[in-house]
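Chains as they are written, first to last, in the working numbering: chain A, 1 to 162; chain B, 1 to 181.
By construction, these hints were calculated from the structure, which means they are not laboratory data. You may find that some hints are simply not true.
With a Cα cut of at most 20 Å, we get these calculated DMTMM-like pairs of lysine to aspartate or glutamate [said to hold, decoys possible]:
#1 Lys-151(A) - Asp-89(A)
#2 Lys-44(A) - Asp-7(A)
#3 Lys-151(A) - Asp-138(B)
#4 Lys-44(A) - Asp-10(A)
#5 Lys-141(A) - Asp-107(B)
#6 Lys-69(B) - Asp-20(A)
#7 Lys-44(A) - Asp-20(A)
#8 Lys-69(B) - Asp-173(B)
#9 Lys-151(A) - Asp-15(A)
#10 Lys-69(B) - Glu-40(B)
#11 Lys-79(A) - Glu-135(A)
#12 Lys-144(A) - Asp-10(A)
#13 Lys-141(A) - Asp-148(B)
#14 Lys-141(A) - Glu-55(B)
#15 Lys-69(B) - Asp-32(B)
#16 Lys-27(A) - Asp-15(A)
#17 Lys-144(A) - Asp-173(B)
#18 Lys-27(A) - Asp-10(A)
#19 Lys-141(A) - Asp-173(B)
#20 Lys-151(A) - Glu-117(B)
#21 Lys-141(A) - Asp-123(A)
#22 Lys-44(A) - Glu-31(A)
#23 Lys-151(A) - Asp-173(B)
#24 Lys-44(A) - Asp-15(A)
#25 Lys-144(A) - Asp-107(B)
#26 Lys-79(A) - Asp-166(B)
#27 Lys-144(A) - Glu-99(B)
#28 Lys-144(A) - Glu-117(B)
#29 Lys-151(A) - Asp-10(A)
#30 Lys-79(A) - Asp-89(A)
#31 Lys-141(A) - Asp-101(B)
#32 Lys-151(A) - Asp-166(B)
#33 Lys-144(A) - Glu-111(B)
#34 Lys-69(B) - Glu-55(B)
#35 Lys-151(A) - Asp-49(A)
If you want the footprint, here are the derived chain A segments under chain B, 3+ residues with CB under 8 Å [stated by the list, open to error]:
#36 66-78
#37 84-96
#38 147-153
Each residue gets a CB set at the ideal place from its N, CA and C atoms; glycine is no exception.
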Amino acid sequence: MAAPLLDTLDTQLIDLLSRDARVSNRKIAAELGVTEGTVRGRIKRLQQDGLIAFTAITGFEMGKRARLAFINVQADVDKVREVARTIADLPQVNAVLITMGQFNITAMCLVDELDALVEIASDQILTINGVHHVETSIAVKTIKYNARMAKITRPAEVVDED
Amino acid sequence: MRLTSRGPMRKPAGLTYAGQMPGPMTQSFSYDATDLNIVEQLRLNGRANNQQIAETLGLTATTVSNRIKRMEDANQLRVVAVSDFSAHGFNVLLRISVEVDGRPASDVAHELGALPEVVAVHIVTGRYDIDMLVALHDFEDLAHFLLDRLSDIHGIRSLTPAIVVDICSYQFDVAPIEAKE
Chain A
1 MAAPLLDTLD
11 TQLIDLLSRD
21 ARVSNRKIAA
31 ELGVTEGTVR
41 GRIKRLQQDG
51 LIAFTAITGF
61 EMGKRARLAF
71 INVQADVDKV
81 REVARTIADL
91 PQVNAVLITM
101 GQFNITAMCL
111 VDELDALVEI
121 ASDQILTING
131 VHHVETSIAV
141 KTIKYNARMA
151 KITRPAEVVD
161 ED
Chain B
1 MRLTSRGPMR
11 KPAGLTYAGQ
21 MPGPMTQSFS
31 YDATDLNIVE
41 QLRLNGRANN
51 QQIAETLGLT
61 ATTVSNRIKR
71 MEDANQLRVV
81 AVSDFSAHGF
91 NVLLRISVEV
101 DGRPASDVAH
111 ELGALPEVVA
121 VHIVTGRYDI
131 DMLVALHDFE
141 DLAHFLLDRL
151 SDIHGIRSLT
161 PAIVVDICSY
171 QFDVAPIEAK
181 E
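So here's chain A without its partners, still in its complex pose (with noise of 0.2 Å):
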C-alpha cells in the first residue's frame, strides 16, 4: 500500500464527491476553477487506482438491518485467508477484516436482531473449517463512523459520463 500521489485538485475533488456526487462536472469545473474535460478525467483515473467509489448510503429507517456487529474469529494461521474469503463470501457479512492480534479475523455485519447474528456466528462461521473460537459483540451506540471513507477492494467498472 504505498502512499498515492494525490494533488490539491485530486483532494479538493474528493472532499466536494463525498459531499455529493451528483454534482455536475460543469458546477465542480466552475468551483474549483479548471475544465469539465479536467474533472472528468481526474474523476476517471481516481475510480481507475480504486481511490474512489461511488455509492448510494441509505438510512436506517430504508431497511432493517440496522445494528452493527462484530463477530472476532480465532483461525487456524495456515488457513486464514481461506476461511476470511469464505466469511466474505456470506451475503449478511459486511466487511472482513483480516488482523494480526488476539483474533485473526473480524468480520461486521449489519443486523436487525440477535437470532440473526447467533445464524451468522455459530451457524455458518464457526463451522467452517480452520474456525475454532468465535466471539461476538455488538455496537449498542456507534460515537463516530464515517461512511465516506473505507477499504475499496474492487475497483468500480468506471463508466464513461455525458
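Given chain A's structure and the hints, the job is docking chain B onto it.
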C-alpha cells in the same frame, strides 16, 4: 458473548439498546419499490444522471429527481464518493478494543472520537467496552498517538490492539446519516 461450542448463544443479561441509533423501532419514513429501484441504480453508478436512471426504470427524469430529493431531505439517502483509506495517506489501520475503568464508557468514547486518528468508535457489548478503528500514516505515528493522545484520556484500563493486515471486503451502504450542513 463467547461461543466455543455449537450451543445456542445466550442473550446477555441486561442488554439494552438505550441510546441506539434510530432502528426498526422508530420507522417513520415511508418508501416504495420505486424508491428502492432508484437507490439500486444509484448504488450501481452514483454519477448516473436523472435521465439515464429514468430510462432504465421507465420513469420520467422529474420523478427520479423528486424521489431522490425527498429521500435526501429526510436524511435517508446520500449519494457520495467513498474514498479509500490510502487516498488519505492512511497506510496503517488498527482495531483497538478498550476496557474502561472508573468512568462511564460513553465519556471515554466521546474523547476518543474527538481524536483525528480515530476514524470509528462504538460502545460494544462483550469482553471490552469500546471498539475503535485507528488510521495512521505509518507506524512512527503510533508513539505520538499512544503517548501524546491516549495518555491524556482518563479511564482507559487496557488497550488490546489488532493490526489490520488485509481487508477482504468492506461494504457498508447503510449508515447513520447526518443532516446536511
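Go through the numbered hints given earlier and state which of them the structure violates, listing their numbers in rising order.
Going through the list in order, the structure violates hints 12, 13, 14 and 21 and respects the others.
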